[in-house]
Structures are given as structure tokens and as C-alpha cells.
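2 protein chains.
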Amino acid sequence: MQRQIQVYNSLTRQKEVFTPLHEGFIGMYVCGPTVYSDVHLGNCRTFVSFDVIYRYLQFIGYKVRYVRNITDVGHLLDDGEDRMSKGAKQNNLEPMEVAQKYTVGFHDMMRIFNTLPPNIEPRATGHIIEQIEMVQAILNNGYAYIANGSVYFDTLKFAEKTGEYGRLSGRVIDELLAESRDNLKNQDEKRHPSDFAIWMKASEEHLMKWNSPWSVGFPGWHLECSAMSTKYLGEHFDIHGGGNDLKFPHHENEIAQNMGSCGCQPATYWLHTNMLLMNGKKMSKSDGNTISPVELFTGDSPHVTKGYSPMVVRFFFLQSHYRSTNDLTDEALQAAEKGFKRLMEAGKILTSTVIDTAGEGPLDKDILEAMEGAFADMDDDFNTPRALSRLFELVPIINSIKDQKISKDQISKTAWDTLQEKWFHLLFDVFGLMEDTASAANGPVDGLMQLIIELRQQARDNKDWPTSDKIRDTLQELEIVIKDGKEETSWTFK
Amino acid sequence: MQRQIQVYNSLTRQKEVFTPLHEGFIGMYVCGPTVYSDVHLGNCRTFVSFDVIYRYLQFIGYKVRYVRNITDVGHLLDDGEDRMSKGAKQNNLEPMEVAQKYTVGFHDMMRIFNTLPPNIEPRATGHIIEQIEMVQAILNNGYAYIANGSVYFDTLKFAEKTGEYGRLSGRVIDELLAESRDNLKNQDEKRHPSDFAIWMKASEEHLMKWNSPWSVGFPGWHLECSAMSTKYLGEHFDIHGGGNDLKFPHHENEIAQNMGSCGCQPATYWLHTNMLLMNGKKMSKSDGNTISPVELFTGDSPHVTKGYSPMVVRFFFLQSHYRSTNDLTDEALQAAEKGFKRLMEAGKILTSTVIDTAGEGPLDKDILEAMEGAFADMDDDFNTPRALSRLFELVPIINSIKDQKISKDQISKTAWDTLQEKWFHLLFDVFGLMEDTASAANGPVDGLMQLIIELRQQARDNKDWPTSDKIRDTLQELEIVIKDGKEETSWTFK
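Taken in order, these protein sequences are the chains called L and Y.
Going by this note's numbering, the first residue of the first sequence is number 579, and it counts up by one from there.
Going by this note's numbering, the first residue of the second sequence is number 579, and it counts up by one from there.
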């Protein structure tokens, strides 16, 4: 029997007790990246959020089948061009070369952020047959029509018959019908502006296309998720996740397609992550208010004063609840770096300190309650910031044990050992944090550099120029730069 | 204009001057892994070999499209069971979960061996439509027949009409026809024992199946490579590679399928890697004469006395020509480790030593000839062991420059700089070797420690005890130990 958890369901707009369809098992589908460019930092936040949810569900004992797709066809831009084809043309590559390049890059980034790979990672181009079969089923059920070789989903008919269209996004069909026809491709083929293509006839020059009963063409973007979630998780599964921006039209249309083909809502619970902001505003390339993951790690951006390690960024993400916006600022990252280090240091004290107190200690209750509270926070719609704050409450106690400000007989062996075990479960297994590889590798480097910075200062104070020159020359060879700040001296690699 | 290279073509059984179909461009297809278990060390050798070929072709200026597939359906075992389905049943997983697990593991291992990802990595399940279309084309051309919902390639008819079947593997059709029918599944459906399924009707309980004009079923294993190489490289492309064990029946059948559908040989040049042996014998799980990559890295195997780093293993692979067997023994690995370090050390001397000699030096000619010879060796069917031996010839000269046994005026600046540049091109860009990660992480540590050892000596000489105490204390905290030897002072981690 698993712990009882509650999740906020976007479909019902309320927190609900989570009840899986099959006891002990969870099917979870999360919309993955469109691999036509480097993954955005905002997407990384979404995937990290679902990684923590996946980890926690497994941690509390569920067998989870986590499916996250790769969109490598059909995701059209506003100008009606396929994102993959556009990427291919720009780089003078075959679309699948573009897909491969950015899939490899995406996997690299996910590994850098220490996210677990999903259990199945289906590709849209790998499921054309399944998508064609779903189009056929929707046609057979009367919720789609053919126009000039393309097939469109009939939203008005679907809304009238089921009353369902717009439920997830909160848009009403009248509003959708009233929407301008501007910027709609093939507008003449559609019966209503809110209708959407589930199969598109391809033009001569279109690169990615397949035979179908209607035309040589390609599936509409929304279709792949309906077809692949059904194939790998069944017509009805537990959790469907994605970024908030996918609610409409992508997820709304997914629901319409699933209901239109098999008559049932695909997922019991819809979970959506909120936006990553920067300096209080939406990230946007055109405004320059943007930063890539790599720029964030290296510090090579006007928006940050230095680089932050992937684990610090992951920690920063977790400091906001997945349903809240998360505002990335240099100050917040500096604070996250300090906080992350503080927790990691406390973890080291937990590992290296042995407490032998038999029986009970007067602090046991506080410690165990705080720790249990952190797990209760996770049960409550995966509230990572609140769980983290419980850990921070424990840090002064842990530090006081080290500094001997609290005597070891205040805590029992049992409580201390339990604290240690749960601390690492939560931090490493559930939050997916780990020692910074850079700091692990540079661990001794930083220590040695602190020593060298001191010896350099000493040499300067003593006007011992040969020594300070020697230090300068050696660091130059090693491509290490010392920065003398107002308050402190720091170092970085060139 | 690229350098002229020669490759040994398995199809013609001779070395041939390499002429690409389109000047400056190369299409290369290599058979990838079947992702139903961890990748074997022997496969790693094959993929490292083709990685070096891919790197070299790019290095000499070709734009290469390197396609390596992932087999995730249809690869049948001797007992007629699909490898993926068997893996899925054994692990109680959906076949695509098995595919994902071992695809991730395969990619991890390829990264550990520092192989470059291919440009396109198509999956068999992702190309069912293309395979069905190819079956249809073969049927249309009269080279296949339908039996009970399955489709078989008619080898006898193909051999009679084209005279081609058996050319690659050197088997003659009479021999194939005479082969026993034992162990042949659906033998009653086949007209000749050498015929092979290109589409298999699936049983009720079969897990991976798709609709087709003939039955709900799945493609034969050989078909995927024909379909995917054609899709991404065209009906005729430059290089097809794979392990020797794939020559028959896999590659023979691929050729038959390609010729049977479009009438032309798929590849101009067929390249095959030879076997990785262990202690002189074929690796075999049942004999216990086997070692996994991970066991080799950790040393956790009775066959090795210690672990060897991935770069040492890669170097060991390159010490044999890809067309020769490669005999893995503990002694050979120890020798490879020494050889690898020797080359890496020589590289460091090349980087850190500046030679200013103007004009020409008496050693220039020898140096440049050896280096040019190494590239000529690579032009000659990618002869990595001979190219490596040229580098080893240069090591004594490089070491003698360091030890000042050879005066710097024996070599001109131009020759030295050229040597340095080409050395790193060959070792890093072409051979894909890199500093062992463990030693790389300590790179700056060693430099800093040399500085600290000097400053410590200086403090001692000056009887500056506070400074030397501070150094001692800091190093103790960092778990670094300084050893004062007779001749020099060294350091290690505790």
C-alpha cells in the first residue's frame, strides 16, 4: 500500500486524492521536446519537475511507466512551416539529421540535469501507422472530415455531441469559433476556425511525408501524443503532464482526438508546470530576455554575474512549486547556490558523525517530525519548496552537532540514523540532486586555490615580488584567473 | 580535393581506390545494435572501428552522412522468437521499455568510448511503412511470394535471374539449397531453405505487430537495413559496414532485398570488422570466456588482473587493424595501458616545449616523414596499428628533447609545430582518444601542487614556519599527502 498523495488536476481545477487505475501501477505521459533546436531552459524546468514527480512516485512504491515523446515531425510554426523541415533547410541537412542532432543534445542536457530517462521515448515519425489508424477511427466516428487530401478534426460537432471541447483550457467553443481566421493556413479547407488538421496533405517540396488513405502527407502535431499514449499506456491512463503553454491547443486537441477515436478521456489527472520567468518577465529571444542552459552554466551571459552548476540550477527549480512561476534572477541563483551548498554540507556532517545515544533524546521528536513533514509536503502535490524548507530547519541542528553546541546525547542513535537515511533519500533519490561534478572534480582545486590566494596576499603584503610573480605565472599556465573583488578574492578557469 | 584513400571491399575481395558517388560527400550505413541486452565488447570494437573511419573521412574533408540503426523489432533467435519480445517477457516489460533501457545503455557505452553519435540513428519500428513498401516492391518485381500471410524472399529465383545471391558471403546457391531444413521456422511455408521472411505474420500472443496488406505481423530483420539505408542514403550509396558475422545471412539478404526492390547494389564498398577474441578463443558466455565492458573497466572479472580505462581499451582496439582479429588478454591490455600513457606523455611534452629554431633542422625530415607516413597508413584502408607505430617511432625523439639529450636546434620551429599539430589531429580528432577522465580531473591539481610544493620549500628555507604550517594544515584537510623523496617531492591523495 502506497502513501496517499494528492495532486492538482488541471482538468477539474482542484486538488484530488490520487487513485491509480491499477493498484500499484502508474502510467504517466509527458509531452517531450520538438527536436529542431536546442532545448530551452524553460523546458528543462518542466522536465526536471516531472523527473521529481516520477522519482517520488517510484520512491513511494509505485511501478511507473513513464512515457515522454520526441516530436520529430508535424509541429508547425505560425507560418505553417514544419519546424523540423525549417531546421533542416536552415542547416542544409536531412530532417532526420536535425532530429538526431537535437535529440542527442537534449539527452545530453537531461543527463547534465541528472534527470532519469523515461521508460519509453517514442518518436512521432516512428508511429505513422498508429496515427493513420487513429485518423481513420476519428473519421469513422464522424468527428473529422476530409478536405483536399487533408483531414480536419470537427471541433464544433465534437463540442455539440460531447460538450467536452474547451474543458481543460477553459475556453468555450463560442469564443473559439469567433476567433479570427487570420494566420490560419488552409483556412478555406476548414469548416470552423477552431478545427485542426489531424492529417496534412504534403506539398511537392515537403520533405517528410508518408502514404495514407487520404494523401501523401504527414500527421498533425497534436495527433502523435494521442496515438503514442494510447499505444503504450492504453486508452485511459493515470497522469498526463506538460508545460502550461501546451494546455491549449495541444492538450485540448489531444483530449478531443482520444475521445473522438475511442470515446474516453485519455488521462485521469492532468498536471501542468508553470512558466520560468527571467527578471520577472517572460523569457523571449526577441527582447534579449533569455538565457540558454549552457550560458547559465558558463556564466557567459549579461544576465548573470557568474556561472551556476547544473545542480544549483536544478536546486533553484525545486525551490518553486511546479505550478508556480519561477523567476530566474542572478540574486536568486546566488541564494540557491548558497542553499544548495548548505544542504550538501549538512549531508556530509550526517555521514561523518556517529551518534551512539541509546534510548530516546529530547530532540528526536523535532527532528523526526520535520523529516516526516518533508515527505508529507511531497504527498501534497509534490511541494518541493516546502519540503526543502523543512530540511533547512534541520540544518542548524545538524551544524550544532558538528560544532558541539548541541551535545550528542540530545539525539538518539535511532533518530540520527533515520534522519541520515531519509535526508539522502529525499535529496538524492527524490530531488535527484547530487554532488556537483565540477566541485567534485575541482574539490581539491578550490581548496588549493584558497591556499594559493592566501599565500599570494602574504607575498604581496611582504612585497615579496618574486613569489607573487611565480604564483601569477603558474596560474597563467594553468589557465586560472584570480579576480580581486572589493570584499573577496575569487578564481575561475579562463 | 580529398586525399586519395584505398579501402578493402568485401564484395570484390580486394583493396580499391575509394571514389565516392558524389564528390566531397559520403553516405555510410553501419548495422547498429539489437537493443534487447547490454552491448557486447565485440560490438564495441566494431563501433569504435567505424567511429575512427567516420572521423578520418571527415578529417580529410568529406561531408559524411553516417547512418547507424537501432534494431528494436524482428531480430529472431534460433528458436524463432523475437529477441525484443523475449527480452520483454524475461523482464516483465513492454518491448519498447526493453528497447529504451538498452538504447540508453548503448548510448552511454558509446559515450564512454568517446565515439561520435551517427548523423541519423533510425529505429526499425519507426520505419514499418517504408518496410511494407519495400516488401510490396519486391513482390511486384516477382522476387517474393506470399504464404499464409507471411512474405518470403525467393532466393532461387533471384539467384537464377541475377546471378547475385551469395556474392558477398562467397556462398553458392547450390550449397544454400542443400542446407538442412533443421531449425527453420515455418519451413513448410518456404519454397527453398535459403528463402527468408521479409514479412512475418504474427501469432495472437506476439507483442509487436502492425497492419499490412498481407497480415497483422512484423518485418523480417534483414529488411529494416535495406529500407532505412535507402530512405536516408538513397538506393545506391558509398559504404556499408558491419561486423564480419553479419555478412551472411544479414548482408547477403540486404543486397538481395535492395536489388530485388530497386535493381541495384545498395553500396559500392562493403567494409567488415573482424572478431574480438579473448585469450585466443572466441568469446562465449557458455564457456565463461567472456567479459563485459563494465567488468573490463572495473577489473571485476577473473580474466583481468585489474581494471582498464575506456581510453586504454579504445587504444587497445586501435592497435589491431579492423580487418584482423583482436586478441584481448590481460598482458595485451597492460601493454596497451603503457603505450597509451607513453603517447599521452609525449603529447604533453609537445604542448609544453617551445622550439624557436629558425630555418631547417637536421631532424626535420625524419619527423615530418614519420608523421606523413601515419596519415598515409590511414589512407591505406585505415591502418591504425601501423599509424600508431609511426607515432611510437617519434616518442624517443620527443622524450630526448625534453631530457635535453637532443638539442633544440636539431629541429626547426616549423617542424616541431607541425608535429604537434598533426599529433593531436591524429590522436584526438581521428583516433578519438582523450585524456583519461580520472587523470584529466586532476590536471590543474597537479599544476597547483607543484606550485605549492615550491612555496613550501621556500617557506622552509626561510624558516617561515607559520606559512609551512598553514600549507601542511590545508593539505591535510584536502586529504593530500606530500612525500619528500631523495630526488624529488611528490604528492598523492590519501
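Certain hints may be false.
Chain copies aren't distinguished; within one or between two, either way the pair holds.
[To be verified] Derived DSSO-like pairs: lysine-lysine, alpha-carbon spacing no greater than 27 Å straight-line:
| id | residue 1 | residue 2 |
| --- | --- | --- |
| 1 | 1064 | 1048 |
| 2 | 943 | 1064 |
| 3 | 787 | 809 |
| 4 | 825 | 1061 |
Since the hints were made in silico from the structure, they are not lab data.
Here the structure is a predicted model, which means the values were calculated and not measured.
Do the hints match the structure? See the list:
no.: 1; hint: 1064 <-> 1048; result: both (24 Å within a copy, 24 Å between copies)
no.: 2; hint: 943 <-> 1064; result: neither (41 Å within a copy, 56 Å between copies)
no.: 3; hint: 787 <-> 809; result: both (22 Å within a copy, 12 Å between copies)
no.: 4; hint: 825 <-> 1061; result: neither (47 Å within a copy, 61 Å between copies)
Violated hints, in rising order: 2, 4; the structure is consistent with all others.
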